[in-house]
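Join the two chains into one complex using the hints; note that each chain is given alone, in its own frame.
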Amino acid sequence: MSWNPLKDSFRHNVSGPANALIDGYLAGRLDRRTFLRQGTVFGLSLSAMGILGVRADAQDGPVAVKKGGTLRVGVTTPSGPVDPMVAANQGSIAMYQPVGEYLIRAEPDLSLRPFLATEWSSNDAGTVWTFKLRDDVTFQDGQKMTSADVVATFNRLADPDGGSIALSAFRGIIGKNSASAIDDLTVQFELERPVGNFPYLASSDTYSAIILPASYSTGFEEAGFPGTGPLRMKSFSPTAGATFVRNEEYWDKANPAPLDQIDFIFFADETPALLALQGSEIDVVYQVSVQNGRAVVNNPAYKMVGTRSAASRPLHLRTDTGPWMDKRVRQALAYTVDRTGVVDGLMQGYAEIGNDSPFAPIFPVTNPDVPQRQLDLDKARALLAEAGVPDGFKTSLNVINTLEVPAYATVLQAGAAKVGIDLDIILQDGGTYYGDGQFGSSPWLDSTAGITDFGHRSIPNVYLTAQFQSDGVWNSSHLNDPEIDKEIGEFLATVEFEAQRKIATSLQEKFMDLTPTIYSAFLQFVFVTGANVGGVVPNSSGQLFLGQAGFVE
Amino acid sequence: MTLGKFLLGRLGLALLTLWLLSVLVFLASQILPGDVGSKILGPTADKGAIAALNAELGLDRPPLERYIDFATGLLRGDFGESYSQRRAVGPLLLESSLRSLKLAIVAFVIVVPLAVSAGVFAAMKQGRPIDRIITTIGLSAMVVPEFVSGIIVILILGLWLNVFPISATAPAESGLVTQIYHLILPAIPLVFVMFGYIQRVTRASTIEVLRSDYVRTATLKGLNRFTVIRRHVLRNALPSSVTVVATQVGYMFGGLVVIEILFNYKGIGLLLFRATRDKDFPLLASCVMVVGAVYLLFTLMGDLTHSLLNPRFRVGGKR
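First to last, the protein sequences are chains U and V.
Be aware that the first sequence starts at 35, since it is given in the numbering used here, and climbs by one per residue.
Be aware that the second sequence starts at 1074, since it is given in the numbering used here, and climbs by one per residue.
The hints are simulated quantities; they were obtained by calculation from the structure and are not laboratory data.
Careful, some of the hints might be misleading.
[Unchecked claim] Chain U side only, calculated, beta carbon under 7 Å to chain V, not exhaustive: (1) Ser-202; (2) Gly-206; (3) Pro-272; (4) Gly-313; (5) Pro-405.
[Unchecked claim] Here are the simulated lysine to aspartate or glutamate pairs, EDC-like style, with alpha carbons at most 16 Å apart: (6) U:Lys-101 <-> U:Glu-282; (7) U:Lys-452 <-> U:Asp-410; (8) U:Lys-544 <-> U:Asp-519; (9) U:Lys-413 <-> U:Asp-425; (10) V:Lys-1120 <-> U:Asp-505; (11) U:Lys-268 <-> V:Asp-1204; (12) U:Lys-544 <-> U:Glu-521; (13) U:Lys-268 <-> U:Glu-282; (14) V:Lys-1120 <-> U:Asp-519; (15) V:Lys-1120 <-> U:Asp-470; (16) V:Lys-1120 <-> U:Asp-410; (17) U:Lys-287 <-> U:Asp-169; (18) U:Lys-361 <-> U:Glu-521; (19) U:Lys-536 <-> U:Asp-403; (20) U:Lys-413 <-> U:Asp-547.
Where a beta carbon is used, it is the ideal one built from N, C-alpha and C, also for glycine.
This is chain V alone, in the form it adopts within the complex (with noise of 0.2 Å):
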C-alpha cells in the first residue's frame, strides 16, 4: 500500500466517523431535558414569548429536517446560528479554537520533553530510587484531578507567591510573551495529569529496547553511552510516546472544562458546556465536530510520524 492509498483510506474513515458523529450529537441534544426557548428566557417568561422564540428558532420544524439543514451548511462551510447567542457559530468557535490551540502548545511545550527525558532517565536507572521516585510522583500528579491541582496551584503561585497572574486570559492586545505568562498557570495541572502517563510509556518502551540485541551491540561495540541512547534507543522508543501524545491532542483541546472555568478561559471545552447546557445543538454540534476534526487529524499525524520515526512501521516499506 502506498503512502497515499493509506492516507485517502484514513481520510475516508475519518469522514465517516464525523459523519457518525453529528449524528450522534443530534440524536443526543435531542434527549437533553428542557426545552429551548424556556431555557434562554427562563422557565417563568411568558408562554407567549418561549413559542415565539421557538418558532423564530425555527425548533417547530421537524427534527430530521433541522438535521439536513445543519449538516447541509457544514459541508458549505456554514457552521449555522447559535440559538442561545443568536449569532454565527462560525467566529464563536474559531475564537475559541485559537485559544484553546495555545493552552495546548504551552502545556505540551512543557510536559513533552520533562515527561520523555523523565521517562528515559528512569528506564535508564531502572529499579534505582530514582527512577521509583519519578515514576511514584507521575502516579500520584496523574490521579490528582485537575480542579484540585488547579486550585492549589492557583493559591500558591497565583495568591501566595504571587508570581503567575489567575486568569489564563491576557488582556486585550498584549504581545505573545504576555500572552504565555498567563498560560504557564493553567498549563502545569494539565503537564501533572499527562506527565505521568506520557513518562510511563516512554520509560516502558526505553527498558524494552535497552534489553534489545542491538542496543548491546551498539554498546559492546564502544560507542558512548550519549550515541547509544540518541541513535538507537530514542529512534526506537519514541513512537511509543508519540501515539499517546497524539491520543491526549483531543483532550487537551476540547476537554479542559474544569481548567477553563477555574482559570477563566474561554476555550472551547468551555464553549461545548454551555451549548450543552443551553441545549444549544448548532453550536454544540460544531462545537463537537471541530474538536473530533482535531482529534482525528491528530491521531492520523500521531501514526505518520510514527511509521517516518520507525521504518519497520512505515506503510509500504520493506519488514
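Bound-form chain U, shown alone (with noise of 0.2 Å):
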C-alpha cells in the first residue's frame, strides 16, 4: 500500500476503536469485507476508508426505474395499531415505513449507511456517541428536522416507563434522558454501558426508531402518520389496506420516489397473496416462506429474493434437569443434525449453516474458522454409549406450530431416530409454546427441549444476555455457567473489534462444547416481486424499503 499523506492525518480524527480496526486490516488480520461492514460501525465513510486504499465492492447500480405508476403489495394486515412505539408485527410496521425514515440504514449485508445523520463517532471507552445530522430535512408538514426532534424520538422510545417495543434493545444501554442535542444538528447519547455496535441500535435496525417532530407524543394514525418519509399517507384502513402518495415535498430533491402511488393490500394469509400475485392483482408480496414461495420459484416472471439474517430456529435443550443434563447427549443429538439438508432442501438454499451458537455468519464478529460442526452418526453413538444411553432413549420435544418449524423439527426426529432417540413431537401454537413467557408457565422456557422461532438482531447482543447469562430472561436451556456469563460480559464490554472477535471465538467454542441449544442454520428474510419491479431494498429485519422502488424500464 503506498503512503498517502491523508492517511496520518484521517487517524488523528477518528476514535481508538476505529484507529484499532484500522490497524487491524493494516496487519492483514481482517479480510477488506468485515472491515468495510465494521468501519461503518465506527463511522468511518467509504471516502474515508477510500483514503486508506480499501475498495469497496462493486456495488450493483439502482435499478433504473420509471417515474410514475402504482405499485400493489401484499402484506400481512397489521395486528394492532400503526404507531412506532408499540408496533411488533409486520403488517403496522410496513405501515410507517413510506413515510419514516432513519438517522443510519442497517443494509443487507449489515454495513450502516448514513441516511438523516451524515457521520457518528464514539470516544475510546464506547460510552460516548454523537451523531451529526443532515441540515436539510423537512419533516411532512414542512418543518425542519433538528436534533430536538431527534432527541425526543430516542428519549421516548428508551424511557423505561413508557412501554415502548424498543425497551427490549435499549433497556441498560440508553434511557429517557440519555439523548440530548449539543446543538441544532448534533446529537449526543450518553450511554449506560460502553456499546462498541451502538449505532446499530440507532440504525433502522431497530424498526421503531423513525424520527419523529418532538411535539409527536402518541397516537401516530390521529396524527396523520408523521415523518420525513418520500411518501405519504393517502389513506388507511386497519382491516382492508393503505395508500401512500409521492411526498411532492420530499426533502431529497436528487431522489424524489419514482411511484405516484403505493397500495398496500392485507392478506390474512401468505397463500392468497401469492395467488393474488399470480393473477396480477399485486406486484410485491412483503414475506413469504420458502416452501409457499416454490410456486413461483422457476418462473421467470417473479423475482425470489433472499436477504442474509440472524433469525434461526433454535432447538433448546434443558441443561439442567431431564434426559440432555449430560453434555454427551446434546451433543449427540447436534451431530445427527443433517444441515446441508436443513439448507438446501428444506430451505432451499435461502438459509446458512449454523454451527450450534447465536453467532450468525452474518455477523461480522463471528469467527469463520471455528471448525463446522458436521453429521456424524458414528461420533453421535459413540457419545450416547460414553454418557450411559447406547441405545438412546424417548424424550418430548415442543415445537411451536409456525411456517416451516413442524417441517424442521420433523427433518430433526428423523436423524435422531437413526441413534435411537425417539422424540416425540409436541406441536404448540405460539400462544401455548410462549405461555406467558415467564419461567414456571412457558412450554418455551420450562420443556426439557423445544424449538423457538427466533427474528433477526444486527448485534448478537440480546441472544447472548437473553438467552445465555445464567439470569437470562429467554434462558430456555437454563444454562448456567460462570465462564460463559463473564465471557458474555465482557463480549458487551469491548468496544474494540478485535479484542471482540477474540471472544466471540472463545464463546463459539464454548457453546459448541456444551451444546445448551443448536442452531442448524441461520435463515434469510424472503420476498417475492414481479419481474417488472425494481428498487425495492430489503433488510435483514424484514423490513422493504419502497421509497426507490418502481417498475423497471
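Structure follows, in C-alpha cells:
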C-alpha cells in the first residue's frame, strides 16, 4: 500500500476503536469486507476508507426505474395499531415505513449507511456517541428536522416506563435522558455502559426508531402518519389496506419517490397473497416462506429475493434436568442433524449453515474459522454410549407451530431416530408455546427440549444476554455457566473489534462444547416481486424500503 | 297463541341465549392460552412494556369486573375497544359484517334457486338416472372441503381462464356490479357446500308431497303439471327448504374463515379468527354476539316464513 499523506491526518480524527480496526486491517488480520462493514459502525465513511486504499465492492447500481405508476404490495394485516412506539408486527411496521426514515439504514450486508445522520463517532471507551444530522431534512408538514426531534424520538423510545417496543434492545444501554442536543444538528448519546455496536441500535435495525417531530407524543394514526419520508399516507383502513402517494415536498430533491402511489393490500395468509401475485392483482409479496414461495421460484415472471439474516430456529436442550443434562447427549443430538439437508432441502438454499452458537455467519464478529460441526452418526452413537445411553431414549420435543418449523422438527426427529433417540413432537401454537413468557408457566422456557422461532438482530448482544446468561430472561436451556456469563459480560463491554472477536471465538467454542442449543441454520428474509419491479430494498430485519421502488424501464 | 305472543316469547328466548353466549365466550377467552400483552408486543418484548400494556388495557382488573363492564357497554350499544387494534370495536364490526352479508347474499342468490329447482326436478324424476346424477353431484360437492374447492376454482377460473378476479375485495370506490363480480368466485365453493344439502331436503319433501292424496287429486282432476307443481307441490315442499336455508345463515355469515382467508375477504369470520388468536376479548365477544344474533334472527325469520308458506304450521291458526 502506497504512502498517503491524508492517511495520518485522517487517523488523528477517528476514535480509538476505529484506529484499532484500521490497524487490524492493515496488519492483515481482518479481511476487506469485515473491515468495510465494521468500519461503517465506527463511523468511517466509504470515502474515508477509500483514503486508506480500501475499495468497496462494486455495487450493482440502483436498478433504473421509470417515474410513475402504482405499486400494489401484499402484506400481512396489521394486528395492532400503526404506532412506532408499540407496533411489533410486520403489517403495522410496514405502514409507517414509507413515511418514516432513520438516522442510519442497516443495509442487507449489515453495513451502515448514513441517512438522516451524516456521520457518527464515539469516545474511546464507547460510552459517548455523537451523531451529526443533515441540515436539509424537513418533515412532511414542512417543519425542519433538528436535533430536538431526534433527542425526543430516542428518549421517548428509551423511557423505561414508556412501554415502547424498543425497550428490549435499549434497557440497560440508554434511558429517557440519555440523548441530548449539542447544537441544532448534533446529538449526543451517553450510554449506561460501553457498547461498541451502538450505531446499530440507532439504525433501522431498531425498526421503531423512525425520527418523529419533537411535538409528537402518541397516536401516530391520529397525527396523520408524520415523518420525513418520500411517500405520504393518503388513506388507511385497519382491515383492508392503505394508500401512499409521493411526497412532492420531499427534502431529498435528487431522490424523490419514482412511484406515484403505493397500494398496500392486507392479507391474512401468504397463500392468497401468492395467488393474487400470480393473478396479477398485486406486484409484491412483502414476505413469503420458502415452502410457499416455491410455486413462483422457477417462474421467470417473478423474482424471489433472499436477504441474509441472523433469524433462526434454535432447539434448546435443558442443561439442568431431564434427559439432556449430560453434555455428551446434547452433543450426540447435534451430530445427528443433517445441516446441509436443512439448508439445501428444507430451506431451498435460502439459509446458511449454523454451528450451534448464536454467532450467525452474517455477524462480522463471528469467527468463520471455528470448525463446522458436521453430520456424524458414529460419533453420536459413541457419545451416547459414553453417556450410558447406548440404545438411545424416548423424550418429548415442544415445537412452535409456525411457518416451516414443524417440517424442520420432523427433519430433526428423523435424524435423531437413527441413533435411537425417539423425539415425540408436541406441536403448539404460538400462544400456547410462549405461554406468558415467564419461567414456570411457559413451555418455551420450561420444556426439556423445544424449538423456537427467533427473529433477526444485527448484533448478537440480546441473544447472548437473554438466552445464555444464567439470569437471562429467555434462558430456555437453563444454562448456568460462570465462564460463559463472564465472557458475555466482557463481550458486551469490549469496544475494539478484534478484542471482541477473540471473545466471540471463545464463546463460539464453548457453546459448541456445551451445546445448550442447536443452531443448524440461519434463515434469509425472503420476498417476491414481479419481474418488472425494481428498487425494492430489503433489510435483514424483514423490512422493505419502498421509497426508491418502481417499475423497470 | 297469537303471533305477537309467539314473537315476544321467541325474542325473550333469543336474548337469554345471547346472554348465555356472552358468558360462555368470556369463560372460554379466560382459558385461551397466553397473555394479551405478550401476544400484542411479542413474547420477547421487554417485561416492563408488557406489564404496562396489560395495565393500560385494564387486564389487571378482576375478570368479573371486566365482564360486567363489557356486558353493560353492550346494553348501551357500546362494543368497547379492541385490545389488539386499540380502536373502537363498533366500526370494525360494522365494516366486516356488511362485507360478510354481501358475500352471503351473493351465495344465497346463486344457490337457493339452483338447489331448489334441482331438488324438485330430481324428485319428479325419482329413481331415474338424472335423479341419481343430481344427487351424486350434490353429495360429492358437499363433502369437498371449501379450501380444496376454493383452490380449484381459483386455479381454473381465476388463473387459467382468467374470467374472475381472485381477490374478493373489489378496489375502493367500485360500483355494485364490480363488487358482485369480485364475489362470484368465493361464492362458488359455498354453493358447492350448500347445494347438496338444500337440494336433498327439497327433493325429499317434494317426493313426500308428490305422494300425497291432494296432489294425486289435483293431477286426476286434470290440472296441468306446471300448475300442480306451483300451487300444490312447491307450497307444501318449500317450508322444509326454508328452514334449512335459515339454519345455514349463521354459517354463511360468520363461519367462512377459510373462504375469507383464501379469497382475502375481510369479513366477520376473519375478524373472529384474529380476535381468537390475539385473545382480544372485546372483539371476540362482539363478533360472537353479532353472529349469534344474526343466527337467531334468521332462524326466527325462517320459522315465520315457514308458517306463512304452510298454514298448518301457522301459529294460532286452525289445525
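Going down the list of hints, with the structure as the test:
With a cut of 7 Å, the hint placing Ser-202 (chain U) at the interface with chain V holds, because the nearest CB-to-CB distance is about 4 Å. Below 7 Å, beta-carbon pairs count as interface contacts, and Gly-206 (chain U) has none with chain V, the closest being about 10 Å; its hint is therefore violated. Satisfaction of the interface hint for Pro-272 (chain U) is found here, the shortest Cβ-Cβ separation to chain V being roughly 6 Å, below the 7 Å cut-off. This hint holds: Gly-313 (chain U) has a C-beta 4 Å from the nearest C-beta of chain V, less than the 7 Å allowed.
With a cut of 7 Å, the hint placing Pro-405 (chain U) at the interface with chain V is violated, because the nearest CB-to-CB distance is about 31 Å. A C-alpha spacing of about 13 Å is found between Lys-101 (chain U) and Glu-282 (chain U), which places the hinted pair at or below 16 Å, so the restraint holds. Using a Cα cut-off of 16 Å, the hinted pair Lys-452 (chain U) and Asp-410 (chain U) holds, with the two alpha carbons roughly 11 Å apart. Proposed proximity of Lys-544 (chain U) and Asp-519 (chain U) is supported: the alpha carbons are some 11 Å apart, at most 16 Å.
This hinted pair checks out: Lys-413 (chain U) and Asp-425 (chain U) have alpha carbons roughly 14 Å apart, not beyond 16 Å. With a C-alpha separation of about 14 Å, the suggested pairing of Lys-1120 (chain V) with Asp-505 (chain U) holds against the 16 Å cut-off. As the CA atoms of Lys-268 (chain U) and Asp-1204 (chain V) are separated by approximately 56 Å, the hinted pair breaks the 16 Å bound. Pair hint Lys-544 (chain U) plus Glu-521 (chain U) holds up; C-alpha atoms about 10 Å apart against a cutoff of 16 Å.
Of the pairs offered as hints, the one joining Lys-268 (chain U) and Glu-282 (chain U) holds, with about 13 Å between alpha carbons and a cut-off of 16 Å not exceeded. This hinted pair does not check out: Lys-1120 (chain V) and Asp-519 (chain U) have alpha carbons roughly 21 Å apart, beyond 16 Å. Between the alpha carbons of Lys-1120 (chain V) and Asp-470 (chain U) the distance comes to roughly 10 Å, so the proposed pair stays at or under 16 Å and holds. As the CA atoms of Lys-1120 (chain V) and Asp-410 (chain U) are separated by approximately 41 Å, the hinted pair breaks the 16 Å bound.
In summary, the hint linking Lys-287 (chain U) to Asp-169 (chain U) is supported, as the alpha carbons are separated by about 14 Å, within the 16 Å threshold. For the hint linking Lys-361 (chain U) to Glu-521 (chain U), the alpha-carbon distance of about 20 Å lies beyond 16 Å, and the restraint is violated. Between the alpha carbons of Lys-536 (chain U) and Asp-403 (chain U) the distance comes to roughly 12 Å, so the proposed pair stays at or under 16 Å and holds. Among the hinted pairs, Lys-413 (chain U) with Asp-547 (chain U) is consistent with the structure: their alpha-carbon atoms are about 14 Å apart, no more than 16 Å.
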